[in-house]
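Enquirer: Got chain A sorted already, so can you dock chain B onto it with the hints?
Chains A and B supply the protein sequences, listed in that same order.
Using this note's numbering, you'd call the opening residue of the first sequence number 56 and step up by one each time.
Using this note's numbering, you'd call the opening residue of the second sequence number 219 and step up by one each time.
Wrong hints could be hidden among the right ones.
Just a few of them, taken from the derived set where beta-carbon distance is under 8 Å, the chain B residues facing chain A [said to hold, decoys possible]: (1) Gln321; (2) Arg342; (3) Gln343; (4) Ile411; (5) Gly413; (6) His436.
If you want a taste of the chain A side facing chain B, the calculated C-beta under 8 Å gives, among others [as the list claims (entries may be wrong)]: (7) Leu137; (8) Cys310; (9) Phe321.
What the hints contain is simulated information worked out from the structure, not anything from laboratory work.
Nothing here was measured: the structure is a model prediction, and the numbers come from that model.
All residues carry an ideal CB built from backbone N, CA and C; glycine is no exception.
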Amino acid sequence: MSLLQIEGLQLQFRVDRETVYALRGVDLSVGAGTRTAIVGESGSGKTALTLSLLRLLPPNAQVKGSVRFLGRELLTLDEAALRQVRGAQIAMIFQHAQAALNPLLPVGRQIADVCRQHSGMGRAEAWERAVEVLAATGIQQAAARARDYPHQYSGGMAQRALIAMALVCEPQLLIADEPTSGLDVAVQQQVLALVEQVVARLDATLLLITHDLAVVADTCDQIIVMYAGEVMETGATAQVLERPANPYTAALLACFEQTDEARMPFIPGRTPDMRQAPTGCSFAGRCAMTRDICHQQRPQAVEVAPGHFSACHFAQEVADA
Amino acid sequence: MNAEAAGEALLRIEGATKRFSLRQRGWRRQQVVALDGVSMTLRRGETVGLVGESGSGKSTLGRCVLNLLRLDGGRIIYRGREIQALPEREWRPLRRRLQMVFQNPVSSFNPMMTIEEALLDALRQVPELDHAQRRQRVGDLLEQVQLGARFAVLYPYEMSGGQLQRAAIARALAPQPDFIFLDEPTANLDMSIRGQIINLLLDLQQREGGPGFVFVTHDLRVLRYVAERIYVITQGHIVESGSRDQIFHAPRHPWTRALLEASSIGRRDRRQASGSDGEADISLATSPEGGCRLLARCPHARERCARETQVLREIEPGQQVRCWRAEELD
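Excised from the complex, chain A in its bound form:
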C-alpha cells in the first residue's frame, strides 16, 4: 500500500501580477517502508513538492490536486488536524541546518518543545527526551551540548540536532531536504548513515531530496527525477541509474560519471523560465534528442519496464540505447 499518494499536484505562486508555475501536475506514490529519492537541479520543484505536502507555503501560493497520506487528504485538512500530522507523523529535516534552528533558544529546548507539543510531556521529561535523542544522533556530552545555542554547533552537529528533532516523535514519514548540502564529504557520509540508521530503527519511510546522484545510489531504493516542476522519470534506483529512460536523467548521470575525458560533461543551457508554462516538453530546449514533437506536445509518462516510468516521447528508445 502506498503511504503517500500524490495526484495532479499543481503549485503556483503569484509574484508581481505574474504566475510562477512551481509544480505542474505531479503524480507519484511513495510506498510504506521505501526509501525514495527526489532528484533534480535547483529550481526543479523538489523542495516545493515537500513543502506543499505539509502545506508549509507562503500566502501567495495556490495548491491544486490531491495529497493523500495514509488515505487521508492533506490538502483540505483543517489547520488543527494538520498540526497533528506535522512533526508527529511526517517529520522534516530542513536544508541548511543552522538556519533551520532558532538562534535564540538552546538546541535542547527546541527539541523538547517538539515533544511537549505532540506528546503532552512535562518540561523536565521533555528535556530528558531531548538529551536522549541528541545522544542517539551521536552528539557527545549531549546533556551539556543540549544547553548550547545553535551557533555553538558545527554544521554537522546542527544537522544531527535537526535529525534528533525530527525523530523525537517517531514519525512514519521522514522527509530530508538536502540534509548534506554545505557539509564536506566526510561529514556528509556520517549524516547520511545517521539518517539511514534512524529510518531503519523507526521503521519509517524516507523521502530524501538531493541533487547528488552519488548519494541516491547508496541510500535509496526508489528514485523520482524532477525537472521544471514535473516528474521526468520514476523507478527502482538500480533500474533508473543503469538504464535511464529519459534524456534528462541520462544527461544528469553523465555529469556524475568519472571519466578520463578531457572535458567535464555538463547540461548546456539553463532551466526554463517558470513564469510561462511550456507547451511541449520542458527539457526540449536543452535536450540533444529534441525533435518537432517535443516542442509541441507535452510527453506523458510511459512504462518502459515494470515499475519504471518516463515522461519522454522517446522513452523506449532512450531506455534501449
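Expert: Positioned in the frame of chain A, the structure of chain B alone reads:
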C-alpha cells in the same frame, strides 16, 4: 633575482602556519591550528588543486596568500620576493597580480552594480587603460568567459549561479593577474553546470601567458579535469601531494583514498572508509601532540601511529605522503 628563470616557482609557500584562538566555555582560551607548516609551489600558468574538508585550512591559506590574514609563521614568496605581511603601500601594486574567486557568486557581487560596473570597478586597478579601453576590455572579458556582451547590462539577480560565477572569473581576470585563488568556485552550483566552469578554466589554461590557478575544493571529482598537481590537506597540514595521475590512480595516503571513495558513485562500502562516527571537524585539530593526527579516523592505524609524528616524505618522484605505512597499503 632570477625568479623568472624557467621552471622557477611563481608562488612558493614555505611552512605556512596560522593559529586562531577561540574562547571556549569559561575563561580558558583555546588555540586552533588552522595551518601547520604548509608548503606548496605554483609554477607559471599552472593549475594546482588543493583538496580538503571544511575546517582543513584551505581557505585560510588563500586568505594568507592574498594578505587578508597574516601568517604566524612561514613565508610566502611571490616571484622571489617575500610578500607576507607587506604594508598596504607596498602590497597595493601586487594586489592586481593576485586575485580570488569566492565560493558564493551571489554574495561576492554588489547587488546594486551591473556586471559591467562590477568589471569596470575591478579595472580601476589597471591605471594604464583609459575609459574607452576599459569598456572594450569588459567586452573582451565577457567574451572570454563565454558570456557575451549582452550580460554587461544585467544585475546579479538576473543571472543564474553558473553565469554569475563566470562573471566572477571575468572579474578576477580583469587586472591580468599572475595568479587566481579559486575558493570552491563550483560548490554552490548544480552538478549539471559545474562542467561549464571547469571547461572554462580548461580553456583559460590554454591561453598563452594566462594566470596560474589554485583550485580549492572538497570535491575531488572536479579536480580530475583541471588540476595538474594536487595537494591533499586536512587539519591544517598536507597529507599527500602529487600529479593528478598519481593522486587519482595511485593514491598512497589512507585519507586521500577515503576522499576518492567518497566522491565516486554507488559504493556501499565507502562509509567505512571515512572512519569514525564522531564529529569530524576542527575539534580534531587540537588532538594531542606526538602522533598521527588522523589516528582516530584511520582504519589502518597501528600502535606506532599514536606514538610517532608523521612527516611528509617523497614516495615516488613528485609524490609526497605523510604516512609511514604508505608502501604497505597498496
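Enquirer: Take the hints in turn and mark each one as holding or not.
Expert: Hints and how they fare:
no.	hint	in the structure
1	Gln321	10 Å, violated
2	Arg342	31 Å, violated
3	Gln343	31 Å, violated
4	Ile411	6 Å, holds
5	Gly413	3 Å, holds
6	His436	4 Å, holds
7	Leu137	32 Å, violated
8	Cys310	5 Å, holds
9	Phe321	3 Å, holds
Violated hints, listed in ascending order, are 1, 2, 3, 7; each of the other numbered hints is respected by the structure.
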